[in-house]
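> Sequence:
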Amino acid sequence: MDLPIYSFVALSIGLLVGAGIIWLILRTRIAATELRAKTESQVEIARLNERLIASQEDAKRLVTELADLQKQAMLWRDQLDVAGDERAQLAERADRVPKLVVNLEEANQEISTLKQSIADIREKVGRVNSTIESQAEHIVQLQQERVTLVDRRDLLIRDINLSNMQVSELTMSLEAERKQSQEKLQLLIDAREQLSNQFKSLAGEILEDKSKRFTEQNQTNIGALLGPLKTQIHEFKAKVEDIHLKDTEQQATLKAELNQLKDLNRQITEEAHGLATALKGQSKMQGNWGEMVLENILDRSGLRPGKEYRREVSFNTETGKSRPDVIVYLPQVKHLVIDSKVSLNAYTRYVNAEGEIERQLALKEHVAAIASRIKELSDRNYFELPGLNSPEMVFMFIPIESAFVEALRADETLFQKAIEQNVLVATPTTLLTSLNIVRQLWRFEVQNANTVELAKRAVMVHKKLCTFVCSMEGVGNQLDKAKESYKIAMDQFTHGKGNLIQQVNEFKRLGVAVQGKFSEDLVAKAGLELEFLPELLPQENIPLE
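Residue numbers in the sequence shown follow my numbering, run continuously in steps of one, and reach 770 at the last position.
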């Protein structure tokens, strides 16, 4: 830095010295020229003057530049002094470099440590951000679940209201049916009493009018005729009273059964949930336990095994053998099919999972398992089995209520998809309710059959009574004819001239030994006929004289 400054200063001084020398040379030349040739050329002098002026101007300019350069040199000198001071400071600092190097290394280590700390902090911040995002997603999910739960609650409220309405309708229907049954029974009882009264009245009149002339054999014949009718009337009365008693007992127990239904369903659900948690993914045990829960529900439903339902009935099809878990028999030769083979391994992992990610993965597998089972049942087409009259629908039984609820939360379209594939998903609550409805249908069917039987019995009793009345009328007519014949025969004994009673009595008067005698009434009645003979005999004998 010092060398250019000195070079520039030397150049400036050289220029000034050169300018001075040139000026002296020019002046000498001018003087010599003036001496040699003043007259040679005024133009040359003028030119030289101009050059001189230009040189002077250049000199002035150079002087000015020199002054500037001097100022610059002074400035550079000051800077040089400052640089010297800085150099001294740098020299002093150079002595401190080893210490600074050590400090720098320590600072670098601290920087590395700080960088690592910053990286850790950034990682923690990342984890916190991830946690915040996860929590935000969880909050959103909870909000969605809350909305879903609210919708589910509203749906359950609607279902409960609908169930209450259905229960009310069933109660009203049962009450109406009971009233109709009571009215029918009352009509039958009234008809029976009326027929009995008419029969008693008619029989009393007939017996009161004709019984005096019946012999013991006739009474035996009438008893033999009335015996079957009396037996049928007693059987009819016992049947009516038995049906009325059963209907009253069923009506009394129906409300208690409906009230116990909720507690029973809740108990089943809690037991199912506890057992499913304890199974921990053991497929064989899950299958046996699911069938046990289904068997328990079938037992509690009141349906009779072998009559209203059958387990594992085997059917021969074109593709081989098919064996549904349960066949439920309905009135009018109809059937329902129930299948209970549902895998709950994923749901068990979902319940036992500790992390949210593991829970979500298990829940997705659980939904996929249920959807796969729905597809499998839909493809089996149980309703096409030979000998079955089933609607195009099969019940898929899930023994844990919450397992289906969690699957619906994860996929709200699952139930609708099952319906579209002709599969109805049933939990312990819905299945027990459906089976109770089936039991009520069978009870109504039995009541209807009993009502039909009562109507048939009433027709038979009415027909038998009509036949009996006709027979009694025939008996009355025969009795009237017998009475008329008896009267004619008795008149032949006691009436007319020379009646038999009087003539027989004449045997005794004429000395004939006879045993026994006629009643005094017959003899007196026959004697009245003879009192008119003395008046008639002379008139009859006059012509003979």
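None of these hints come from the bench; they were simulated from the model. Possibly wrong hints are sitting among the right ones.
[What the hints assert, rightly or not] Derived lysine-lysine pairs resembling BS3-like cross-links, with alpha carbons at most 25 Å apart:
| # | residue 1 | residue 2 |
| --- | --- | --- |
| 1 | Lys546 | Lys532 |
| 2 | Lys559 | Lys532 |
| 3 | Lys296 | Lys285 |
| 4 | Lys681 | Lys566 |
| 5 | Lys600 | Lys642 |
> Hints first: check each against the structure and report whether it holds.
Verification of the supplied hints:
A hinted pair counts as satisfied when its Cα atoms are at most 25 Å apart, and Lys546 with Lys532 qualifies at roughly 23 Å. Distance restraint check for Lys559 and Lys532: the Cα-Cα separation of roughly 13 Å lies within the 25 Å cut-off, and the hinted pair is therefore satisfied. Between Lys296 and Lys285 the CA atoms are separated by roughly 16 Å; this keeps the pair inside 25 Å, and the hint holds. Using a Cα cut-off of 25 Å, the hinted pair Lys681 and Lys566 is violated, with the two alpha carbons roughly 47 Å apart.
With a C-alpha separation of about 9 Å, the suggested pair Lys600 and Lys642 falls inside the 25 Å cut-off, and the hint holds.
The structure fails to meet hint 4 from the earlier list, while all remaining hints are met.
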